[in-house]
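Participant: Residue numbers (this note's numbering), protein chains in the order written: chain L, 1 to 429; chain U, 430 to 858; chain X, 859 to 1287.
Treat the hints with caution; some may be incorrect.
What the hints assert, rightly or not - No more than 35 Å apart at the CA atoms, straight line, and that leaves these computed lysine-lysine pairs for DSBU-like:
| hint | chain 1 | residue 1 | chain 2 | residue 2 |
| --- | --- | --- | --- | --- |
| 1 | L | Lys68 | X | Lys913 |
| 2 | X | Lys913 | U | Lys695 |
| 3 | U | Lys484 | L | Lys266 |
| 4 | L | Lys266 | L | Lys233 |
Unchecked claim - Computed footprint of chain X on chain L, listed as stretches where at least three residues anywhere in the stretch have a Cβ under 8 Å from a Cβ of chain X:
| hint | stretch |
| --- | --- |
| 5 | 46 to 54 |
| 6 | 80 to 88 |
| 7 | 276 to 286 |
| 8 | 316 to 325 |
| 9 | 337 to 351 |
What the hints assert, rightly or not - Which residues of chain X face chain U? A few of them, derived with a C-beta cut under 8 Å, are:
| hint | residue |
| --- | --- |
| 10 | Ile861 |
| 11 | Leu863 |
| 12 | Ala909 |
| 13 | His1025 |
| 14 | Gly1141 |
Derived by calculation from the structure, the hints in this document are not laboratory data. A quick note: this is a predicted structure, and the numbers were derived from the prediction, not measured. Ideal Cβ placement from N, Cα and C applies to all residues, glycine included.
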Amino acid sequence: MSIELRKQLFEQLDQIVLVDPHSHINPLSPASTTLADILGYHYYTELSHSAGMPKDQIEEPGLDPKEKVRRLVENFGPIENTIQYSWFIEFAQKMFGFADERLTTSNWEALYDSAAERMACDDWEETVLRESKLEGVFLTNDFDDPLEGFDTSRYIPCLRTDDLVFHLAKLPVAERLENATGISISGRATLESALDKLFDHFVGKGARACAISLPPDFAPHFVSENRADVAIKNILGKGLEADPNDRHAAANFVFWSLAERCRQHKLPFDLMIGVNRGVYETGVFQGQDLYDSRVSLIQYRQLFNAFREVTFPVSVLASVTNQELVSYSWIFPNVVANGHWWYSNTPAYIEHDLAARLEAIPQTKVIGYYSDMYKLEFGMPKFAMFKRILAKVLAERFVIDRGWSEDRALELGRTVLRGNVESIFQLES
Amino acid sequence: MSIELRKQLFEQLDQIVLVDPHSHINPLSPASTTLADILGYHYYTELSHSAGMPKDQIEEPGLDPKEKVRRLVENFGPIENTIQYSWFIEFAQKMFGFADERLTTSNWEALYDSAAERMACDDWEETVLRESKLEGVFLTNDFDDPLEGFDTSRYIPCLRTDDLVFHLAKLPVAERLENATGISISGRATLESALDKLFDHFVGKGARACAISLPPDFAPHFVSENRADVAIKNILGKGLEADPNDRHAAANFVFWSLAERCRQHKLPFDLMIGVNRGVYETGVFQGQDLYDSRVSLIQYRQLFNAFREVTFPVSVLASVTNQELVSYSWIFPNVVANGHWWYSNTPAYIEHDLAARLEAIPQTKVIGYYSDMYKLEFGMPKFAMFKRILAKVLAERFVIDRGWSEDRALELGRTVLRGNVESIFQLES
Amino acid sequence: MSIELRKQLFEQLDQIVLVDPHSHINPLSPASTTLADILGYHYYTELSHSAGMPKDQIEEPGLDPKEKVRRLVENFGPIENTIQYSWFIEFAQKMFGFADERLTTSNWEALYDSAAERMACDDWEETVLRESKLEGVFLTNDFDDPLEGFDTSRYIPCLRTDDLVFHLAKLPVAERLENATGISISGRATLESALDKLFDHFVGKGARACAISLPPDFAPHFVSENRADVAIKNILGKGLEADPNDRHAAANFVFWSLAERCRQHKLPFDLMIGVNRGVYETGVFQGQDLYDSRVSLIQYRQLFNAFREVTFPVSVLASVTNQELVSYSWIFPNVVANGHWWYSNTPAYIEHDLAARLEAIPQTKVIGYYSDMYKLEFGMPKFAMFKRILAKVLAERFVIDRGWSEDRALELGRTVLRGNVESIFQLES
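All chains, full assembly: derive it from the sequences and hints.
Facilitator: Here it is in structure tokens:
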């Protein structure tokens, strides 16, 4: 009964046209042109490297795309079990008519060539979006992104702020900020003016969120203007040589100032909590970050209390933090559970985390899923994975365990998949 | 097979008459008189507030009960998915003949009125207890509760000690202690005499447990009499201005002294570990507490070793601490796993935590469930939720996975639901 | 469908002849001679003690084996629910023809006697291994073990190093090291020579791994030769009175030196992370250790980066650390997930942890299971428990959820059960 029911629910959920509330798409080049774009996704390079493929074989400068794919495929045996591998196969089957279950040294080249042909069609981007049932995709824009040359109603700007908070002591970051805003930054006041300008620019271009990823030891707190002024002057003057206390104070001040501007502009502030950068020092590109799961949302207590008018869609990196996310979303009106991030974006963790969210957080405060994709081709299989798990949770825990009708379960599914993205990010639909 | 089996097991388990080993029932007013008593439960007010309902609409002074329910119902859409919502619906269906699946602006008033009528009957309390299959309910009594005016064999006293341990520096608490005991408290010795008097009073009135809730950073340790005397004198003299070290030492001394008296009087000492009070500063009444899940039972190492004759029924707030609870109950003879507390009292967490307990803790050391209820009406649906999950775990993990007979599974179910409450709290049955 | 499928997969997996990559078998006395050897396993004594049996009844000096079993059986009621109890029953049913489901005061003696008779047969060891489908078993050898008197291709040596790292300040340990190596240890250089000698001895005898168990607060780091020399001289001179900083530096130096020798000798270094020793001070033998689950693999960041050529099969004590293990194995080429250790070796945790591993770690980097057994009789039921859970995960999460064929699922099962033990520990097969 449950398997058939899951299938039925999935098919219904799969009809819904979605907006993806977080991705790393480059709107000037959203889709892939060869399989190397797809298989170059860090999920594949890092898993292949983890399974023994030397980094220099993957990242050899000037490597021809086809040769890169050949090398990766040769080393794909060890990762065939992973859910990440299944994303590729599912996409290739659906969009390229790939008929096999594994990519091998015998079948990769034909797929490479036929895929390249398909991807060369003018309508490839449209086709992928349509077949993926995506009508909007949130971006992750550097603060100095001009946000030009693309349709901002399809590719929705989102101000990413890691650099501003954590890397302002680096000269190039400060320079980029000056260039982007035309403001010469000499201290607290000018920095705030620059932030104002960034927000005006982003909001003017249709940005619907501000976002940041945060290390596990970050615990934001208020910093006075005077203390901030000293700290900012010191980090601008001394750069990475500045006193760590000044870097710390400046980071907290900038973070707090961003939250204030989110309040002014009614922008949700996506918090992605828990990543340590560069833990595996010599890993492949984007395959070096890990975490310390000993993080608590209690670290955000002062923030959540201080900014009651700002909605914080919160993502946590580790499933062990999910119950805190459930509880904080259950208590704080401004805390919302947001998707299944990175190392928690695998079925066993999604299933456990999602079940807990759907039974204890108000249904209007759960954002089901975002793809986090770098190329459009991953939207379809990643959302499909999520929708299958959502269907499983709805079937097993609502229809069977709680006696809900299928319709009522689907209604809940629609709310977390689509409705909440619209309402929380204030999309006009 | 499994769904039918679960149903059969549930029906058997649901026949057992139970004693609820932890609640917040007021024995002088145990049942509700209107739906406002039921829907005023913090689970509903805090979820509604979290979903956007302003606090002042919920807690307006002098608000008419019916108007309160009207307002809550108007804002109930967002929480219809929650398990807490299902408790209300299940109770209303069973006890008030409510025929719908949702409480709406169209059907609430008729329910309100018919419920008020039912609840006005003289036998409502008896009816609720009988239909809920509860013959005894543990209370949570302030240390200065006279414990009079009710049947202590039905409503079983339990000495709650948070105030004594953590708030003795507050003048009203010290005064209440003096008033309750008739002892003028000037230092360590008189405080101990007062504690002796409290225990004599509670034990004389049939108390069957001592209980306390503890913040995640508490790590109890022995404090010498001399150090305690200094600390207690200082906190009595300086109140909240006292040196934090003195408050800390006094808290630890009182806690240790309570454990000693539990040993003398052979009372189990319920430890409810992990709550931070007032995290959401402006939340609704009883909807402000959260937690830092970074807590470990290793913090109780000294206590568990020092008081081998005291049974400690331990509740943990977060599911991530459950495995420690399983392991500590498996090793320490005096540690017992107790129910599913608060933020872990939702099906996904109960299921995972219960399965782990039933397969690795001696069956005599698992207390299945307590309701934590404030009004009798919640005993039925909360226990029903637990019994369904217990039936699921027994069906899937014992009958199916381990080949047990249904009878053997039911025997285990009975032990954790009823038998252990009797044996651990020494109830004469 | 799923139950039948699980059964089919289990039957296939159960045909595979295995090598057990971690045990505490004494190769000079690998099998039991009476039920007292089996039921004396700490899992039974500690659970019985936890359920109320006094330690002195279990550990009475000179206690007759049969009387010991009689006493344990009398106290077995409370632990009949545990998975540990089921290991004994399953073995007794399969190997001794035990026909009951419980061991009681009425049936134990007949079993005791018939078992003693069976175990007295010359071929008992062979029979147990054959019926358990084990052809090799890794040992846990003290560093001064002569490794003589047994077949090292069946009982594969493994250098256990806890004493060297954490207890070198104890005079008997230093003396054992001098006796084992013939080197008089006076400082850093002579200690390193002694380590070289140990590795030469172990590798010469066919050792296939180095192993250590580590407390939750250990965070290994590099120590310079000069600092190490001072530290080692001080701990050799002052023993347990030495400055804790010196003990700390020496422990880190020895640990780092062991990793260097693993690199030189191409030995995997098993890290078993998270145990606190002696937490329950008066517990039964081997029933005193617990843990603080607040541990992170980030503590091993420097180690994993420094020793890229060393494979680290990592076991974690608590399931809350499993996701970190999944993620670190997914990123670091030299980190491998190893079995389900001790307090995580129960079905609910194995199932959750295994599912997460199989969907996100390259399949070549998951070592399915080790028995951790002290007597051969436990290999069969412990591996059977794991194989049933593996069959469940493969059936539910691969065949059903992901549409895999049974053959493909079995291939994955074989890899983690057998293939990876061979490849990671470089067994010639």
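Participant: Is the straight-line distance between the alpha-carbon of Lys68 of chain L and that of Lys913 of chain X 35 Å or less?
Facilitator: violated, 64 Å
Participant: Has the stretch 316 to 325 of chain L got at least three residues whose CB is nearer than 8 Å to a CB belonging to chain X?
Facilitator: holds (count 3)
Participant: Is the interface hint satisfied for Leu863 of chain X? The criterion is a beta-carbon contact with chain U at less than 8 Å.
Facilitator: violated, 13 Å
Participant: Checking hints one by one. Is Ile861 of chain X an interface residue toward chain U, by the C-beta closer than 8 Å rule?
Facilitator: holds, 6 Å
Participant: Tell me if Ala909 of chain X is really an interface residue toward chain U, meaning its C-beta lies closer than 8 Å to one of theirs.
Facilitator: holds, 4 Å
Participant: Compare the distance between the alpha carbons of Lys484 of chain U and Lys266 of chain L with 35 Å, and conclude whether the hinted pair is satisfied.
Facilitator: Cα-Cα ~21 Å, so holds.
Participant: Between the stretch 46 to 54 of chain L and chain X, are there enough contacts, at least three residues with CB-CB distance under 8 Å, for the coverage claim to hold?
Facilitator: Satisfied; 6 residues make the cut.
Participant: Cut-off 8 Å, C-beta pairs, minimum 3 residues; does the coverage of the stretch 276 to 286 of chain L by chain X stand?
Facilitator: Three-residue rule met by the stretch 276 to 286 of chain L, so holds; n is 6.
Participant: Lys913 of chain X and Lys695 of chain U were given as a pair; does the straight-line alpha-carbon distance stay at or below 35 Å?
Facilitator: holds, 21 Å
Participant: Quick check on the hint: Gly1141 of chain X CB to chain U CB, less than 8 Å?
Facilitator: holds, 6 Å
Participant: Does Lys266 of chain L pair with Lys233 of chain L here, judged by a C-alpha cut-off of 35 Å?
Facilitator: holds, 30 Å
Participant: Does the closest beta carbon of chain U sit nearer than 8 Å to the beta carbon of His1025 of chain X?
Facilitator: violated, 21 Å
Of the numbered hints given earlier, the model fails hints 1, 11 and 13; all others are met.
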